[in-house]
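Engineer: One-letter residues, chain by chain:
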Amino acid sequence: MAGCGSATGSGSSSSDSGDKLVVWDWKSGEPAAATYIEKAKVDFAKKHPDVTVEFVAQPFDQYYTLLGAAIQAGKGPDVVLFNGGGQIRDRVSALLPLDEYVAEDRQRLAGWEAFTAADKTYASPVTLQGHPIYYNKSLYEKAGLDPANPAGTWNEFVANCATITSRTGARCFALGNKEGYGIQFWLSGLASGVLTTAEYDAWIAGKRDWNSPNVKRIFQLWKEAGDSKLNNDGANSTAMFNDSFALFQSGKAAHVIGLMSDVGHWKDFNEFLTPEKLGVMGAPVVTPGTTPSLPYDGGIGYGVTKWTKDPRVAADLVRSLTSTEALKAFFADAGAIAADTTIDATQAGPAVGTMISELKSGRPALHVALSSEALDLMGRLSQQLLSGSVTVDEVAKQMAAVDKAG
Amino acid sequence: MSIRETVSSVRPAPAGRTGEAARGTLGGRTRPRRRSRSLTAERLAPYVLVAPAVLIIVVLRLWPLLLGVNFSFTGDGDRNGTAVGLDNYLRLLDDPLFRQALRNVGLLVLLLPVAVAIPGLLATFIFLRVPGHRLYRSVYFFPAVLSPVIVGAIFNLLLAFDGPANTLLGSVGLGPVDWLGDPDVAMFVVVGVHVWATFGMALVIFLAGFATLDAALLDAARVDGATLPQTIWHVIVPGLTRTIQFVFVTTMIGMLTSMFGLLYVMTSGGPEGSTYLPEYYIWIQQGQMNRPALASAASTVLFVIMLAVGLLQIRLLRRAGRVD
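Line by line, the protein sequences give chains A and B. Residue numbers for the first sequence follow our numbering, beginning at 1 and rising by one. Residue numbers for the second sequence follow our numbering, beginning at 1 and rising by one.
Please note that the accuracy of each hint is not assured.
Cross-link-like lysine to any residue pairs, in silico, SDA-like; alpha carbons within 20 angstroms at most [said to hold, decoys possible]: (1) A:252 <-> B:176; (2) A:216 <-> A:376; (3) A:404 <-> B:96; (4) A:404 <-> B:94; (5) A:404 <-> B:97.
Note that these hints are calculated values from the structure, not bench results.
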C-alpha cells in the first residue's frame with residue numbers, strides 16, 4: 001500500500017519537464033548491469049545530449065503493482081522494463097506501439113514475439129530466455145562417445161544414455177520435478193522433435209489438441225524416461241533450483257534441460273564443467289520429418305508509455321538500451337543471452353555459440369503459452385506419471401479440460 | 001461522595017464473572033430513584049471498561065472477517081466484484097486439490113493425540129526426574145526456537161533421496177525411501193517434522209502444568225505401590241486435564257495454521273498434491289492463480305472447520321475431565 005503512494009509520487013515529479021526521461025526497471029540497481037546502463041546512456045547522449053535520463057530501480061516483487069498504480073494515474077515513467085508474454089500483453093493499453101521507431105532493429109534483435117500483441121510491437125527485447133538441452137562432454141568422452149556428435153534421433157539418444165550409464169555410472173537426465181517444473185522444461189525442450197511444424201504453430205496460436213498422438217507422445221516419453229531410469233532417482237523430491245542443476249554440474253547426469261539466462265544456464269555450468277566440456281544439443285528427433293529448433297522467448301524488454309511527451313525521444317532511449325554495445329556488456333557481465341544476434345559470443349564457449357546460431361530458427365517455448373492453472377495441474381500430473389498412478393490418456397484428458405476452461 | 005459509591009460498587013465487577021456483573025446491574029434497577037445518577041454511571045462503567053477491547057475485536061477482527069466472507073460470494077477475473085452466490089464454494093467442492101487438503105486436515109486431527117502424547121510423555125519423564133532430565137529439558141525445547149524454513153531446509157537435506165537418512169537405511173540393508181517424493185509417505189514426514197519442531201512449546205506448557213500438581217497425591221500413589229503407568233493414568237492425567245485441553249487446542253491450531261513454512265520449503269504441496277493443506281491452497285489460489293475470491297471462500301471454510309474442531313475438542317475434553 002505504501003508502494004502505491006511512492007509510485008504516483010515519483011511519477012508526477014518526472015514527466016513534467018520535456019528534457020528528462022524516467023526509466024523504471026528492476027535491473028539497473030544490480031552491479032552486473034552497471035556497465036550495460038552506462039553504455040546505453042552514452043549511446044543515448046550522442047543522439048540527445050540535452051535530455052537527462054533517470055533510472056529508477058524498483059523491487060521486482062512489487063514491480064507490476066507499482067506500475068499498475070502509475071498506469072491507473074496515467075502518468076509516471078516514460079520507458080518501462082517488462083517481462084515478455086502475459087505481463088506486457090496485459091498492459092498494452094498503456095503503451096505506445098514501437099513499430100515505426102524500431103524497424104531498423106528488426107533483423108538485429110531476436111525475441112520480438114514475446115512483446116507483440118495484435119501484430120503491434122510494444123517493446124524491444126533485451127534478453128532471451130529458453131530451454132536448451134545441455135550435455136556434459138567429459139561423460140561422453142569417458143563413455144567412448146563422440147562429444148562433437150550428440151544423438152540426432154531419440155533411439156540413438158537412449159542408446160547413448162545406456163552406454164554412458166553403464167560406463168560412467170552417470171544417469172541420462174538430471175531432473176528436478178519437486179515443484180512440477182521438470183515437465184515444463186521437458187515439454188518445451190523436446191517438443192520440436194516430436195510435434196510437426198503445423199502442430200507446433202497451432203499450439204502457440206492457442207489451438208492445442210491434447211489428444212493428438214504426438215502431444216501424448218511427449219508425455220509417454222516422460223513416463224518411459226522415468227520407468228527406464230533415465231532420470232536421477234527421486235526426481236519428484238528433487239528441487240529443480242538448484243538440486244537438479246547441481247547433479248548435472250557434478251557429473252552425476254549427462255544431460256539437463258536448463259535455461260539460457262539468469263540461473264541454471266551456461267554461465268553456471270561453465271564454472272564447474274569448463275566451457276570446453278559443456279555442449280548444447282538439439283532435441284532428438286522422435287517423429288520422423290520434424291526439424292528440431294531451440295525453444296526460446298523474449299526474456300525482458302523495454303517499452304514506452306503512452307503519456308510520454310516526445311515518443312521519438314523515448315523510443316531512441318529504448319533503441320540505445322538495445323544497442324549492440326550495451327547488450328554486449330549485459331551479456332558479458334550478467335551472463336544473459338542478449339537479444340542481439342550479432343554479438344560475438346565465441347569467447348563464452350561452444351555452448352553459447354551453438355545457442356546463438358540456433359536463434360534464427362528458434363521458436364517460442366510450448367509451456368510459456370499455457371495458463372498458470374494449466375501449468376500447476378501439469379506439474380502434479382507429471383509427478384503422478386512418474387509414480388505410475390495415472391495414465392497418459394488420463395493426463396491428456398485432464399489437460400484438455402483445464403486448457404479449455406482457462 | 002457519589003464517586004466513592006460508584007467505585008466501591010463497581011470494584012467487584014472486574015474481579016467477578018460476567019454473570020455476577022449482569023446480576024448487579026439488574027439489581028440496580030430496583031433501587032430507589034434518588035441514586036439513579038450514580039447508578040447510571042454504575043451501569044455504564046462496565047461497558048465503558050470493556051469498550052476498547054470490544055472495539056478492537058469488532059473493528060480489527062470481526063469486521064474484516066465479515067468482509068472476507070462477503071468477498072467469498074463474489075467472482076474472480078472477468079466476474080470481479082459481481083455477486084456469484086455459492087459458485088466459489090461449489091468450485092471448492094469440485095476441486096480434487098481442495099478435497100485432498102480437507103482429507104489432510106482429517107489426517108491431522110487423527111494424528112493429534114500422538115502430537116500431544118509425545119510432549120506429554122516426555123514432560124512426565126522430566127517431571128519424574130529421569131537421569132539427565134535437565135539436559136533433556138533444554139534439548140527438547142531447542143527446535144522450537146528454529147524458524148520453520150530452517151527446519152525444513154535441514155530435513156530437506158537429511159531426507160533427500162541420496163541423503164543421510166537413506167544412507168543409514170542402506171547400511172542396515174533396507175531399501176531407500178523417497179521420503180518427500182512418495183505421496184503415501186510425504187504427509188506423515190511433514191507432520192513428523194512439524195511435531196519435532198514444535199513439541200518443545202507444548203512440553204513447557206506441560207511442565208508448567210506439573211508445577212500445579214499436588215505432590216501429596218503422587219506421594220500417596222507411591223506409598224500405595226502404584227506402578228508408573230498407573231501413576232500416569234490415575235494421578236497425572238486427571239490432574240492435568242486443563243493443561244491437556246489447552247495443549248490439544250493449541251497444537252491443533254498450530255498444525256492447521258503454522259505448517260505453511262514447512263510445506264513451502266519441504267514439498268510445495270506435492271508430490272501429486274498429497275501434502276496440500278487449506279492454508280497452502282489459499283496461498284496458491286491468491287498468490288499464484290490470482291483468484292482472491294476463491295481464496296476467501298477457502299479461508300471461510302478453514303475458519304468454520306477450526307471453529308467446529310475447537311468447540312468439539314473443548315466439549316469432549318470437558319466431559320472427560322468431569323468423569324475423572
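Engineer: None of the hints should be skipped; say for each whether it holds.
Structural biologist: Hints versus structure:
For the hint linking residue 252 (chain A) to residue 176 (chain B), the alpha-carbon distance of about 18 angstroms falls within 20 angstroms, and the restraint holds. Only pairs whose Cα atoms come within 20 angstroms are accepted, and residue 216 (chain A) paired with residue 376 (chain A) is accepted, the gap being roughly 18 angstroms. Annotation: proposed proximity of residue 404 (chain A) to residue 96 (chain B) holds, straight-line Cα distance about 18 angstroms (limit 20 angstroms). The suggested pairing of residue 404 (chain A) with residue 94 (chain B) holds, with an alpha-carbon distance near 17 angstroms, which does not exceed 20 angstroms.
Restraint check: the Cα-Cα separation between residue 404 (chain A) and residue 97 (chain B) comes to about 19 angstroms, which is no more than 20 angstroms; the hinted pair holds.
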